[in-house]
Every structure is written in structure tokens, then in C-alpha cells.
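Undergrad: As a plain string of letters, each chain reads:
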Amino acid sequence: MSPLRTLLHLARRHQRWLLAGLALMLLSLVASTVLMALSGWFITASALAGLGLLIGLDIFTPGAGIRLAAITRTVSRYGERLATHAATLRLLTDLRLHLLERMLNLDDAQLAALRRGDTLNRLTGDVNALDGLFSGIFGPTLAAVFLTLLASAGFALLHPALSLAILLPVFVLLPLTAAILFRLGQRPGVAAVAIVPELRSSAADGLEGMNELRAFDRTEAQAQAISQLSQRLGRLQQRLGDMDAMGQSVALLLTWLGLWLALVGGLYLLEQGQIGAPLVALIVLAMLGLGEAWLAIPGAWRRFGHSMAAARRVEALAAQPGQLAQPSHPAPWPEQPSIELEDVHFRYAAHLPPVLAGINLSIQHGEQVLLSGASGIGKTTLALLLMRQFDPDHGRILLGNRDLREHDPDLLRSQIAWLPQRPVLLRDSLATNLRLARSSASDQALAAALTAVGLDTLLDELPDGLATWLDEDGANLSGGQRQRVALARLLLTDPDIVLLDEPTASLDRQSADTVMASINQWLEGRTAILISHDALPGNVQRRRLRL
Amino acid sequence: MLAWIFHAAVVDLRPLATLWIPLAWLLATMGLRAAAAALRGMIAARASRLVRTELRVRLFRVLCLAGPQHKQDSGHLLSSLVDQVEALDPYFARYRPQAVAAALIPALILVAVTTVDWLAGLLLALAAPLIPIFMILVGWGAEQASQRQQQALGRLSGLFHDRLRALAQIRRLGAGPAELKRLRAYSEEFRDRTMRVLRLAFLSSAVLEFFAAVAIASLAIYIGLGLLGFITFGPADKLTLASGLFVLLLAPEFFNPLRQLAQHWHDRADALAAATDIRALLDLPPARPVPAGRPPRMPDRSYPVEASRLSHAWPGRQRILEDLDLRVDAGEHLLINGPSGCGKSTLISALAGFISPSAGNITYAGIDLGRLDQQSLARSRSWLGQRPVLFAGTLASNIAIGKTDASAAEIQKVAELAGVDEFARHLPLGLNSRIGEQGLGLSGGQAQRLALARVLLDPRPLLLLDEPTTSLDELSETLIWDAIRHVSEQRPMTVICASHSALAQRWAGRILSLHDGHLSAHGP
Chain A
1 MSPLRTLLHL ARRHQRWLLA GLALMLLSLV ASTVLMALSG WFITASALAG
51 LGLLIGLDIF TPGAGIRLAA ITRTVSRYGE RLATHAATLR LLTDLRLHLL
101 ERMLNLDDAQ LAALRRGDTL NRLTGDVNAL DGLFSGIFGP TLAAVFLTLL
151 ASAGFALLHP ALSLAILLPV FVLLPLTAAI LFRLGQRPGV AAVAIVPELR
201 SSAADGLEGM NELRAFDRTE AQAQAISQLS QRLGRLQQRL GDMDAMGQSV
251 ALLLTWLGLW LALVGGLYLL EQGQIGAPLV ALIVLAMLGL GEAWLAIPGA
301 WRRFGHSMAA ARRVEALAAQ PGQLAQPSHP APWPEQPSIE LEDVHFRYAA
351 HLPPVLAGIN LSIQHGEQVL LSGASGIGKT TLALLLMRQF DPDHGRILLG
401 NRDLREHDPD LLRSQIAWLP QRPVLLRDSL ATNLRLARSS ASDQALAAAL
451 TAVGLDTLLD ELPDGLATWL DEDGANLSGG QRQRVALARL LLTDPDIVLL
501 DEPTASLDRQ SADTVMASIN QWLEGRTAIL ISHDALPGNV QRRRLRL
Chain B
1 MLAWIFHAAV VDLRPLATLW IPLAWLLATM GLRAAAAALR GMIAARASRL
51 VRTELRVRLF RVLCLAGPQH KQDSGHLLSS LVDQVEALDP YFARYRPQAV
101 AAALIPALIL VAVTTVDWLA GLLLALAAPL IPIFMILVGW GAEQASQRQQ
151 QALGRLSGLF HDRLRALAQI RRLGAGPAEL KRLRAYSEEF RDRTMRVLRL
201 AFLSSAVLEF FAAVAIASLA IYIGLGLLGF ITFGPADKLT LASGLFVLLL
251 APEFFNPLRQ LAQHWHDRAD ALAAATDIRA LLDLPPARPV PAGRPPRMPD
301 RSYPVEASRL SHAWPGRQRI LEDLDLRVDA GEHLLINGPS GCGKSTLISA
351 LAGFISPSAG NITYAGIDLG RLDQQSLARS RSWLGQRPVL FAGTLASNIA
401 IGKTDASAAE IQKVAELAGV DEFARHLPLG LNSRIGEQGL GLSGGQAQRL
451 ALARVLLDPR PLLLLDEPTT SLDELSETLI WDAIRHVSEQ RPMTVICASH
501 SALAQRWAGR ILSLHDGHLS AHGP
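Residue numbers (the working numbering), protein chains in the order written: chain A, 1 to 547; chain B, 1 to 524.
Bear in mind the hints are in silico, worked out from the structure with no lab data behind them. What you are looking at is a predicted structure, and each value in this text was computed from that prediction instead of being measured. Don't take each hint at face value.
To be verified - Listing some non-contacts, in silico: residues in chain B with all C-beta distances to chain A over 10 Å:
#1 Trp-118
#2 Gly-121
#3 Gly-174
#4 Arg-279
#5 Val-290
#6 Pro-296
#7 Gly-338
#8 Gly-370
#9 Asp-405
#10 Gln-412
#11 Glu-467
#12 Gln-490
Claimed, not checked - Lysine to aspartate or glutamate pairs mimicking EDC-like chemistry, simulated, CA-CA at most 20 Å apart:
#13 B:Lys-181 x A:Glu-101
#14 B:Lys-403 x A:Asp-217
#15 B:Lys-181 x A:Glu-220
#16 B:Lys-181 x B:Asp-162
#17 B:Lys-403 x A:Glu-220
#18 B:Lys-181 x A:Asp-494
#19 B:Lys-413 x B:Asp-482
#20 B:Lys-403 x B:Asp-373
#21 B:Lys-403 x B:Asp-421
#22 B:Lys-403 x B:Asp-458
#23 B:Lys-181 x B:Asp-192
#24 B:Lys-413 x B:Glu-489
#25 B:Lys-403 x B:Asp-300
#26 B:Lys-403 x B:Glu-416
#27 B:Lys-413 x B:Asp-458
Just so you know, even glycine gets a beta-carbon here, dropped at the ideal spot from N, CA and C.
Bound conformation, chain B alone (with noise of 0.2 Å):
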């Protein structure tokens, strides 16, 4: 267009006065380009945050189900559900929309060239076959380049991450100015080695910039002749300034997306690192499977449990519970104790619900655990753990996480049995008193009867405990055996309990030892 403009202007001699038509058609078709560019942007940016908000919880959700038997550290795993799912962004809103735009605007415009001069057109695709070669150089390089950038930056900031972290330690040992130099000498070294890297890694793209450029020139310089009539053969004749120019402009355009898919490069490659681990992380198996059916409706007073032959492995591990069998009355109270690492934990996690056995069953009053959804089995039965994890938000909101509408006197009633109100009451807001992250502020004996109270708001028909007493003093531990009688003599309970703790057996009616995946009696 805008050739065709010129064209008439300079060749034709066509006052400026007629053209105003065609020049407003020009402005129309910058405009269009401009919007559709804009839109582009948007529908990317819009599909990427689709794609990363529905991962998160795809994600997490997965992660739920599979429960703690990946044994992966909730560190990397956190950083796999934000900081990973987040990396995918550039890729989907940047890398994506411009392989497409590589793929096929360079052949749009070969087409619309090899019309209007077919040798124009040989010209380009003669660059062509390069594309391909160019993209296994851009993909050499710029994955190089960018890896090795990544690195730098990535280890660089790691160091200054740790070093303060340690600050403090560094300062005590008088080390202050000697870890600056050795930190000032650790970065120059990487800088040197880096930029060695990065030297040749540059370089291939700069072979693309390189043979953009010759094509470009060599086009000029061709349809420049061809004008000037110094080319006889194929369409050159033919070439009017017009076609000349239109040439001519769509040539950078021609190179523009790939070069554009190289400045994108890194997206992918940190894009495909998070994504292979995410994958492997959502195809975890879940702990136990989805029961298919109604789940049976289960008794609301204390009931028996039961489990036979049960054995489980973890992953890569020898055998930890074998072929065990046990047998809990409805109303009692057994404490089981072993030495730590004896499988004491998985037990309880099996009877819980948690985890799936390797072999063997259990029962809830007679019916299976598999036929009991997640619903059903958060109705049949509470868990306490060894170390309670407290979430964001007040001391009541995390007592009533069981029971979101209880009232607050119901709150008031079981945090005085369960002895959170006792260091509660010093607090200005009370039980209203935001905890910070993992229970900031408050001991491990104070946490732990937040727990206690948590699991006593609204108690079940069973109590599964696992260590709730361990590293407290005696005062709480005494608080906390007491409370869970206090409330089973109101509301009998079915109560298992693991501990090794000295008080328990006091508090225990039964007492079983787990020893190399069984349990016999208590000992003398």
C-alpha cells in the first residue's frame, strides 16, 4: 500500500491532492495492525493465566490426595505450586503465541513475495532452508546463552541468599570483611567463566542478525539493479518501484519473528524444566482410592476397630508393619509404644485413614475404610498429631477449623478443658489473637493444646493420636492427658493413641508394643 503510494507519487506524478483516499487507508490498516498486535497480547496474557490458575489447583488438589507418602520436603514442594506454576507464564503468554508467529508469518510472506517477483522470492527462500539451520543455532545458542545466564544469576543470588541468612553467625565470628572479598572473588571468577560462555553462545544469534542483514542488503541491491535495468533474466524487468519497495519492506519482517523466537528462548527452557517437574509431581498415585458408591452411614457413638493382616512398605524401604493384627474395643483407651522409626506413625496414619496399606484391612465398626470417602471418614473419626501445624488466622478460627460455625461459647468452653485459655486470657484480644506463620509466638506445649482443643470442639467416635506429647513438659502433658478423660468420660470415645511418654501408660487402659511390624503385649 504505502508502496503503491509512492509509487504514484513519484512515478506518476500524481498531485497529492488525489491520494488523500489511498493515504487514509493507509492510516486505517496501521491502525488494524496496532489493535490486532494489541489483542494478541491479551488473548496470551488471558490464556496464560488460565492455564496457571487451574494447574495450581489441579496441583494441589493432586498433592491432597496423595498425602505424605512422596516424602518430598514441603519446601520444594511449595516451590513447585507457586514459584514453578508462575515460571510457566512467559512461556505461555510470550514463547507460544511467537513460535506460531515463527512458523507461519515468514512463509505468509514468502508467498505474498514469490507473486508479485518470483526472483525476489527465490531470494528469500534461498535464506529459507536456513531458517531451519537457524533454528537449531538459535536453539543451541540461546539455550545455551540462557542457561548459563540463568545459572550465573541463579548462583550469584544464591550466594548473597545464604550469605544472609548467616549474617548474624558471620558477624559474631568477627568474619564480616573477609567473607565480602571471598564472596567479591567468587562472583568475578563466575563472571569470567560466564561471560566465555555467553561470548560464543552470542554468537549464533549474530550469525541470524548476520544473514538477515545480507538478505536484506543483497535484496536492495538486487531489486535496485533490476530497476536501473542492469538484470535482464527472470522477472527483473518486470520490477516496478512499487513491487521494488514492497519487497523491500516485508524483507526485516521476514526475519523479525525469529529473531523475536530467540529473545524468547530462555522462556522455554525455564518453562520446560518446571513443567517436567510439575508433571511428575501430578501424576503422583493418591494415597488411597476414591471409594466408588454411597458411603455407608456410620455410627456416632465410640465403635470397635479393627485391622487384620495389615502390612505396608513405604517406597524403596523394607517392610515396616508386617502382617499385623489388632483389635480395639468400642470405649477403650490403647496406647501403643515402641522405640521411634518401629512404624509407630504409619500405623496410626493406616487406622486414619492417610495412607493405603501395602496388604491388609481395616475396619470402622465393622465396614471397610475403602467404602468411607474423605467426608464420611473426617465424621468417623480425629487425628492428632505430633507436631499440630497452625494456620493463618486467629487462635478461635484455628480451634474451630473442624466446625466452622461454631458458636463462640463453644469455642470459650473447650479452649478452657483444653488449657489454650489459660495462656489465652493474657493476650490483649484473647482467643481472637492472630498466630502468625507456623504458630509464631506460641511453644510447642501451647500450640499443641490449640490442637487438642481443635480436635475436642466437636469430639468423634474415634481419637487417633500420634506422639501428642512429645518435647513437653510434664505440666502440659499432664493438661493434655486429663482433658482427652475428662471428655471421653462424657462422650465415650474409642481412643488409640502412639506415645512412648511415661504418663500415657498411667492414662492407657490397654498398652501394645510394636516391635519389627508387630504388636505383642505390653512387657513387664
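Extracted from the complex, chain A is given alone in its bound form (with noise of 0.2 Å):
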């Protein structure tokens, strides 16, 4: 259990709130069962009394206990909700901060397939299933039981054998259905959560291959995939639905089957002359008290297992290795850091074709080259492998004379710059994502790297200047603006080793002599590889490499 371990690691930051919430709930709980169980006694009492059966009852005392227990019902209750809204609020903020944490440790690759097909969102709404598990599952199962044991405490001042009637259904019958819905629970619940990215999936390539399927007239075949995964879906939530409706009507079953003990209990007492009828009656709605507070709890359980699958599933993403061996003894960043491939093979792939296979290359410091070739020739993966964002499957790759696994890897990447063909912007102010690269620049040093790639004009046409947000994916700029923003946040760093992924690839010719002059001025003096498909504006000698 060790993903729940370091839940339970991280609430104890939190112990405040989520006991103050547990002992409010508790409180509510109590109130509302302190409420029914008063009135009974309250009204039994005065029906014997005015039958002349029971004198001197004094009714002020009760009717001062009976609005109190009311009042405090409704303040606890209230309560109750703030705090567990606040720490599960803190909670899963600390949750995801580790979970970040720990995942700046995963390596290039790893990070890479995150960002592949369902994986990020799963990871999200995994994150999010967690939420309720202190507020939803154990507080008030805690909660439930702390007032069981209250009761059946209370019950055995009256009578031992009454507290079997409350211990016997509610203490070993309900927690064996919630665990027995726990155990029937798991296997639908983790096949129904399996089975949404398939559905995902086809539903995409039906959007997306829409015209192909027109065209092809299968999109009624399609249709009729998509049906069936949704309604193998929705069997296995009917199921999880049918468990939860008999598991809620189990617990009502257990609870009055506790109140029907009781009842028969206190009457069979009551004719012993064991207690009075005010006593009979304060029990038997007591435990209708105690039904409330367990009518959700097997549901909960149910649902726990889910939980717990989605705290696997994060545990185990964010536990994972680096592929990457680490170099022990990492060796120190070259004063002149050439880079040279020797008989480099690599595929993505055991069951794909090989993307490179021996490739040898000499650049040497401060030597700038432009590689061209073919799409899906390589050159992309190429940067990957300097980047050592994967290692090749044969051959080696030598920075300043050493392996680049020797090198590290954290050095390798803050000295190689990388403008990727789709730079990710985050959902932030447009400083801020500049500021990534360095955040001690001021707004001026900000303002300077948009000019120098042209983006000026931008900065004067945005409502806020640098403060102004942008969307998932920088998704209120254009294609070519975003490329430039990440172009501007690289000119602030300062790397030895410069790789460009088609840096003009978006802009028209205007934009990109501005971009390339920039770059240009930016380069001198440093090692450079860039990718274009065909030659970059300016007169700057290169060399050319055809892969």
C-alpha cells in the first residue's frame, strides 16, 4: 500500500484541518442522533406522564437539550464542510507538487511518452479521483465508527446485552459488505477506467478520419465501434451503479435490522422491568441516528477501490526509473565542446524501421552547420540523441572527446539550447513564460528578445504588454508568433551548444530575415546545428550536411 502510504505522508501536513473535519463531522453526527434519541425519550415520557404513569418530569431540561442538539447539528455540519473542502484543497495542491517534484527526476524520454496519447490526462484525472478520499471514504467511515462505539458505550450503561444489537449488524455485518462490495468493486471498476481511452481513441480516429471514412462510406461501421465500446462502458457502470444502489439498501437493511434488535431488546427488558419505556424509546430512534451514519458507507468503499487504482497508477509513473544510465564520476563540460557521431544506428522501436543507421559526423567548437535532408529522414531524432533524450543503439556520440554518457545529463541540457518544431508555451503570463529561461530578466531584457524576433509590433498590440495571459499551447497566438516567443525566451539563455529545429519553418520571408539576423548575431561563437528543409536568409558561412 505504499501509494496510500505517501497520501497518508502528505495529510499529516494537513492533520490540522482533517481532524478538525473528522471531529465536526463526528459532532454532526452525534447532534443529529443526540436529537432523534432525546425527542423519543422526551415523548415517551411525557405520553406516560400525562397518563398519570410517570411523575415529577421535568420538561425543560430535555426541550433545552432537544434546540441545542439541533443548533449544534447545523453549526457542526457547516463546519464540517469548510474544513474538509480546505484540506482537500491543501491536499491536493501538496499532492501534485510532489508529484511534479519527484518528476523532475524522470528523464527526456520518459517525459516524452507522458505527453503521448491519454497518459497526461489520466495522470490528471487520477490526481483528481483523490480527492476524495479523506472527505468522502475515511472520514466518515472514522466518523461512523467513532459513533457506534459512542452508542453501543452508552447502551451497555443500560444493558450489556443491548450493545450486541448495535454491534453484531452494524459492526460486523457492514464493514463485511463494504468490504465485500471493495472486492466486487475492483475488477469492473478498473475494467470501466480501461476501457475510456479505447473509447477515446476510436471516437478520435472517427473524428479525425472522418473524411476517410466518408469517403469510404464506413462511417456507419465506425458508429457502430464506437456504440459498442459505450455500451460495454455503460454495462460496467450499470454494474458499479447496481453495486452501489444494493450496497446503500444493505446498510438501511443492517442498521433497522440493529434497530429491530434493539426494539425487541428494550421491550423484552422493559417487561423484565430492567428500564423504563423513556429509555426504550431514547435506543430505538438512537439507532436511526446511527443508520444515517452509515447508509453511504459501503458506496464509499465501493468507490475506494477505484481510488486506489488511480493512486497506483500515479505512484508508479512517478516512481519509475530514468532509462538513462547516470555516469558516477560525470566528466567535466569541455572548454571546447566539439561533437562528433561515430557509426550511430538507432531506432524508436525493436518492431520499427531504424531511423538512423551509421551516421558519422565531425562539428567542430564554434562551427555552425545547417543540416538538410528528406522528412522522416532522421534529423529531428538526431538533435534528440545530442540531447541524450535517448542513447543510440550502436555506435557513440562524443562531446569534447568524452561519451555524452559520461557527461551530466543535467549540464548536457542546460548547455544545449533546443528549439523544438512545436515549442510548448505554459497556460501563463507571456513574462512569466519568458521568464522560464531566466528569471532574474527584467521587463526591458523581455522586451529586447521579442524585438530582436520581431514581435515588437506584438507586444504593442497585446492589452497587456508582458502581463498578458496566454492560452493552453499560446493557443491566442498564431503558429508563427508562438514559434518566435520561443525563440525569444532561448536568445536570454546562454548555452554552448545551440540546436535549431526549423526556426523559420512558420514565418513569411519579412519575418524571417528579422528572426535569422538575430540568430545570427545570438550564434557567434557558439556550436550550432540547424535543421531546415532549405536554406536560411542571411549570408552567414555554414557548413551544409545532407543526411
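Taking the hints as your guide, dock the two standalone chains into a single complex.
TA: Spelled out as C-alpha cells, the structure:
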């Protein structure tokens, strides 16, 4: 149960909030039970007194008690909701930051795998699935257990046999139900979670390939495929829903069984003259309050299986070790980092054809190389290998005459600047996105970097200037603007080696000229590999290489 | 029942032994109520499943008919089709049944209580006019609360998602610790704001709780005092222990459905938001009307294609095709070029019958395109787009998508022809290798060759090509033109291709330029 341990460890920091929530939850349950029990007692006692069977009934104390319980219930329930929400928000924040911190240690290949397909969505969803763990499962269960213990202790004071009425159905059978539901719910729950990506990919195929499907008259076939997956998912969810309904009913039935036992027991004791009638009413109605506390518990534990599966997946992703070997004694960063590839072979997976087969290449320090070649030939792959996002299958890459694998990967990453074809922008302000490169950069420096890539007009147009918020993946910028923002960010760094992948691909002629002029100036004295389909503007002497 | 047994035992002092039958009845009633509750949950789950499954398929069909005209990005459509349909589940499974219960149960209880003791009924009824107020309170408060809460969770989870996506970049720029700090600050600021709203919003349900508790408490006290004989007016002196207990036991049940409804309120808010989006999509008009009557027989040899006075404008945009006339002879190879964004793709889409143009008509072999249904269209023409979509499955299953009963030998032959075999040969499983989502592991050129094999497997008399070679290198492009030429030599095809590639000009029999919505003979 190691994923749970991580959570519990994080939860300890918010003990106060969680405990407060728990205490208030318990208090509101106690108040509501007392309200019912006391009312029952009061009415019965009054009836007997009215019939002259009971003399000297004090009507004010129980009346006040009832009112107190009513108010306590309201106030404590309000407090409980606030406390548990605060605790949940805090806990989720901690969990997310904890995960991010640990994932910063993953290597790039693993991070790239994370971005692929559904993984990222699932991870985000899994973390969200953990929000109900304390407020929805552990909290109510603990509160119900405490309440039951309290009540059975109280009953035992009256007569030990009475607490049996509670303990047997509630303490033995109810947890058993919860456990059975937990077991039963696990398989369909996991299966349902597994179908969702399948459904998503089938729907994505259908939407993205709509023209293909229409051209071949296959839309109905795809609709059927979606329908089938949808139905499989629906049936699993229905089974889970059925389980919840059954669980709730069983919980209801069991607490009523307890109530029935308490009634019979109470009446028997009454007949024996061991307790008074008002007390029997108190016991019976207290059982009703108890039932309320237990009602949602079995269903909550059914969902616990789901939360646990989510926690396990999160843990598995966060805990995976780096796939690339780390050097035990990293080599010092070379004075003159030259790059040499010796017979490099690489393929992405054993079942895929090789992308690079026997590449030899030598680049001197300070040299600038223009790399071109047909699409799919492996230009980008070569850049990824240089940054050690992958290791070659065969052959080696030397940096300053030392194997790339001997260098400290963090140092390597910080000394190699990389402009990908599709740079990632954060959902944050423009300034924050730029300052990722140099947190100390002044506003003037940021504006200068933007001017260098020809975005000074954009900066003037933006309503909030540098503080303008960028949407996810810079969706409120054009493709060319996105790329230039990423480039401006790069210009703020000071690396030894620079890899630019199609730096002017989505730019018109004029912007391309501006950008290349700035890039050329910045590149002076650095080793650079520029990947491009065609010649780049500007009259800088570069060695041309074709793959 | 419970109350009656209790009364019998306590007041009438009947021995326990004589009460076994009512006690057994009590147990049976409890069982019945529990079974009914279970049944209700199960029926709700079933209804929710049926609604969602049906809705999803219907939505997909509507989207297919509407074609690409709605111009919404597929990510958004995907989330409608998968997530928003799922978001309806809690609404149908929980909120709707609860809403019915909340309307019915308090009314029934009120009737029951009033028949026993009208004053107690009055007390509850006094609380009842408050119910609409409660509903508004619940609606307002719970809606606020749940919206804020969902927003808070959604926004925090969005931040997390965003940073995870950019993690490699963040680390490369050495910004890891600073980003963590920033995220914490964001989260804390956001949490404080959310909690301030929640503090207010939870008050509304606290008010509901308070009224419920006060009503129960005052009922208890009223009944108690009535039994004591302190209240002499009204029916109070007729109260017995049984009726008193009866009323008291029903009182919490009077408020429970409302309380539960408040808990399910956010299900409603979420579902309403999702339903609004889905409804907008369901209302999309089909891209071309479904033809009435039997589709005519189409020739299976190459035929001429004609378009006259064709105009088209995408919604909210300028007209892109204007009074365009075109005649292509049977077996002709026509190339249409022009700058990007000039409407080449629109023209090909119209000729393929994917969209129906705003004005004008198109004929295949003299037969109006509007008379062909999707099936006969699929048999009369094939189409290859600029960025082919590959489906989850094997290379072979992707080739055979238009002819699912193709033999392995047929597939192999066309794979060789289209140059698929050239790279598939290196794979251990050959054509049976699985390809991942969106052609993962295949380069653009390889995917395009696969798509070509797909249209050449069972060649149709008309082939429409929309920029089939953009972003391909010379070698792949030559291969594609050669394969098309080879197939059309064996079996004459009318080919219409939109492309600005230089290589295509060598292949074409005739070249036209599309400019300002018109076609003109290719200049010098």
C-alpha cells in the first residue's frame, strides 16, 4: 500500500484541518442522533406522565437539550463542510507539487512518453480521483465507527446485552458488506477505467478520419464500433451503479436490523422491569441516527477501489526510474565542446525500421552546420540523440572527446539550447513564459528579446503587454508568433551548443529575415546545428550537411 | 408501525410474546423499503446507461453527416463525444430521481402527518411554504458552491496538467524550483478565494439544515407537551404515544429528500453545461441533404465530371468559389493549382460530395451528385487528402478499409505498388504490424504511401486528390505519381488533383489555375 503511504505522509501536514473536519463530522452525527433519541425519550416520558404513569417530569431540561442538539447539528455540519473542503484543496495541491517535483527527475524520453496519447489526461484525472479519499471515504467511516462505539458504550451502561444489538449487525455485517463491495467493485471499476481511453481513441479516429470514413462509406461501421465500446462501458458502470444501490440498501437493512434487535431487546428489558419505557424510545431512535451515519459507507468503499487504482497508477508513473544510465563520476564540461558521431544507429522500437543507420559526423567548436534532408530521414532524431533524450543503439556520440554518457545529464541539458518544431508554452503570462529561461530578466530585457525576433509590434498590440495571459499552448497566438516567443525565450539563455529545428518554418519572408539576423548575431561563438528544409536567410557561412 | 408496537408494549403493557407478529411485519416492511431503494438505484443506473449510449452514437452520426463544415477543432468535439456525454451520468442516475423524490415524498408525508394530527401537519406545512424558498436557496447556494468548487478543482488541475506537459521544457530552462514555488503561490491564492465564496455558499444549506432541525425539535416539544396535556386546543389532547412517535419519525424524512437534492445539485449544473454544448452539436445541419428515392446505377468505367456555376462560402467567411465551371473528360488527368487558401480543397470537397456547395451543381457521368447516397458515392469515387488519417490497427487493416474482404495477396500487391512494402519489409510482422495512434512511428511520407495503397486497392472510376504530396520529399513524391500512373494505365480513371507541386505538373494531362474563385487555363 505504498501509494497510500505517500498520501498519508502528505496528509500529516494538514492534520489540523483533517482532524477538525473529522471531529465536526462526528459532532454533527452525534448531535443528530441525540436530537432523535432525546425527542423519543421526551415524547414517551411525556405520554407516560400524561397518563399519570410518570410523576415529576422535568420538561425544560430535555426541551433545552433538543434545541441545543438542533443548533449544534447545523453549526457543526457547516463547519465540517468548510474544513473538509479546505483540507481537500490543500492536500491536492501538495500531492500535485509532490508529483511534479518527483517527475522533474524523470528523463526526457519518459516525459515525452507522458505527453503521448492519453497518459497525461489520465494522470491528471487520477490525481483528481483522489480528492474524495479523506472527505468521502476515510472521514465518514471513522466518524461512523466512533459514533457506533459511543452509542454502544452508552447502551452498555443501560444493559450490556443491548450493545450487542448494535455491534452484531453494524460492526460485523456492515464492514463485511463494505469489504465485499470493495472486492466486487474492483474488477469492473478497473475495466471501466481501461475502456475510456479505448473509447476516446475510437472516437478520435472517427472524428479526425471523418473524410476518410465518408469517402469509403465506413462512418456507420465506426459508429457501431463507438456504440459497442460505449455499451461495454455503460454496462460496467451500470454494474457499479447496481452495486452502490445494493450496498446502500444493505446498509439500510442492517441498521434497521440493529434497530429491530434494539426494539425487541428494549421491550424485553422493559417487561423484565430493568429499564423504563422512555429509555427504550431513546435507544430505538438513536439507532435511526446511527443508520444515517452508515448509509453511504459501503458505496464509498466500493469507490475506494477506484481511488486506489488511481493512486497506484500515479505512484507507478512518479516512481519509475530513469531509463538512461547516469554517470557515477560525470566528466567536467569541456572548454571547447566539439561534437562527433561515430557510426550511430538508432530505431525507436524493435518493431520499427531504423531511423539512423551508421551516421558519422564531426562538428568543431564554434562551427555552424545546416542540416537538411528528406522528411522522415531522422534530422529531428539526431537532435534528440545529441541532447541525450535517447541513447544510440549502436555507435557513440562524443562531446569534447568524451562519450555523451559520461556527462552530467543536467549540465548537458542546461548547456544545449533546443528550439523544437512545436515549442510548448505555459498557460501563464507572456512574461512568465519568457522568464522561464532567466528568472532575473528585467522587463526591458524581455522586451528586447521580443524585439529581436520581430515581435515588438505584437507587444504593442497586446492589451496587457508582457502581462498578457497565454492560453493553453499559446492558442491565442499564431503559429509563427508561438515559435518566435519560444525563440525569444531561447535568446535569453547562454548555452554553448544550440540546436534549432526549422526556426523559420512558419514565418513569412520578412519575419524570417529579422529572426535570422538576430539568431545569427546570438549564435556567434556558439556551436550550432540548424535543421531546415531549405536554405536560411542571411549570409552566414555554414557547412551544409545532408542526411 | 414501530410506533404502534411501542405504544402497545408501553402503554397497554402487552407482553412481548403477543407482539411477535407485528414485529415480524415490521421486519418485512424494512426489507421491502430497502429492496425498493435498491431497485430505484438500479433503474436509475440503467436509464442513465441507455440515454448515454444512444446519445453518443446519435451525436457521432450527426457529426459525420455534418462533415467538416462546422470547423470546430476535433479536440473539442472529442471531449463532447466522450467526456460531456459521460457528464450526463450523475444527472440521470442521481439528480433526476432525487428531484422527483423531493417533490413527492414531502407531500406524501405531509398528508400522512395531517391525517394523524392536523396541528403537527400544520407545523410541517408552516415549514412547507419555506420549501420553495429552500429550493431557491439551495439552487443559489449549492449552484454557487458547486460551480466554485468545480472551477477551483478544474483550474488547479488545469495548471497541473499544463506544467506536466511542459515539464521537459521547464527543466531544460532550469526553472524547476521556481515553477514549483509559483504553482504553490497560485494554488494558495486560489484556495483562499474559493474558500471565501464557499463560506457564503454553504450558509444556504446550513439554513436548510437549521430549519429542518428546528422543525423537528419544535415538533418533538409540541408532541411532548401535548402528551403531557399542557396544550389543550386543537387535536393535541387526542395525541397518543403512537401518533406522536409516528409524527416524530416521519419529520426527518420530510426534509431528507431536499437535503439530498442539495448534495446532487452540482450534478445538475455540470449536466446542464454539457447538455447545452451537446444540443448545439446535435442541431448541426447535414453537409448534404440525404437523397430521396433509389440512387441511380453508376457506370463502373471512367466517366466525365462536370461542375457548373459552382459557388461556395464557408459560414461567416467570404465566398471562396464563384460561378465556377469545370468539365473533365472521362480518363482525363487534371491538375488544379493555385496559392494556398485559394479554395482548392473546398473545390475537391465539393466534387467529392463531402459538402454541398452554396450554389451550382455537379454531375458524375451526367448524373446529379445530389441523387447519390453515401454508399453509391463511395463506390463511384475515391479520395486522398493531404494529411491522411490512419486508424488504430495494422498496416493491412488500414489498407483494406474500403474493401474489408480483400485477400492477403491483393493487399500485398497494392502495398508493393504504393511503396508500402518497401518499409513494411523491415518490420518483423510486415503488413501485420500495428500502428499506434495517429500513425505513430510512421513518417509523413510512409503514412501517405499507406493512404495511397488504400485508394488503389479497389480503384474507383474517379480519383480525387487533395494535395497528396505536401511535406513529402522528392523520392516519396515520385513514387506516388508513378503508382497513380501505373494503376490508371491498367484501368482508366478520371483523376482530379489539387496540388502546387512541380512534379505533379509533369504527371498531369491538363493544368488549370484557381484564382479568385475562378478556374483559368494555366499561364505560361
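Undergrad: Are the Cα atoms of B:Lys-403 and A:Asp-217 separated by 20 Å or less?
TA: Holds, because 10 Å separates the two Cα atoms, which is no more than 20 Å.
Undergrad: Is the claim that B:Glu-467 lies outside the interface with chain A correct, judged by CB distances over 10 Å?
TA: holds, 13 Å
Undergrad: B:Lys-181 and B:Asp-162 were given as a pair; does the straight-line alpha-carbon distance stay at or below 20 Å?
TA: holds, 15 Å
Undergrad: Tell me if the straight-line CA distance from B:Lys-403 to B:Asp-373 falls inside 20 Å.
TA: holds, 18 Å
Undergrad: At 10 Å, judged by beta carbons, does B:Gly-338 keep clear of chain A as stated?
TA: Its Cβ never comes within 10 Å of chain A, the nearest being 18 Å, so this holds.
Undergrad: Are the Cα positions of B:Lys-403 and A:Glu-220 separated by 20 Å at most?
TA: holds, 15 Å
Undergrad: Within a Cα-Cα threshold of 20 Å, do B:Lys-181 and B:Asp-192 meet the stated pairing?
TA: holds, 17 Å
Undergrad: Can we confirm that no CB of chain A comes within 10 Å of the CB of B:Arg-279?
TA: Holds, since 18 Å exceeds 10 Å.
Undergrad: Hinted pair, alpha-carbon criterion (20 Å max): B:Lys-403, B:Asp-421. Please report holds or violated.
TA: holds, 19 Å
Undergrad: Going straight from one Cα to the other, do B:Lys-403 and B:Glu-416 come out at no more than 20 Å?
TA: Within the cut-off at roughly 17 Å; holds.
Undergrad: For the pair supplied as a hint, B:Lys-413 and B:Glu-489, confirm whether the alpha-carbon distance does not exceed 20 Å.
TA: holds, 16 Å
Undergrad: Checking one constraint from the list: CA of B:Lys-413 to CA of B:Asp-458, max 20 Å. Satisfied?
TA: holds, 11 Å
Checked against the numbered hints above, the structure violates hints 3, 15, 18; every other hint is satisfied.
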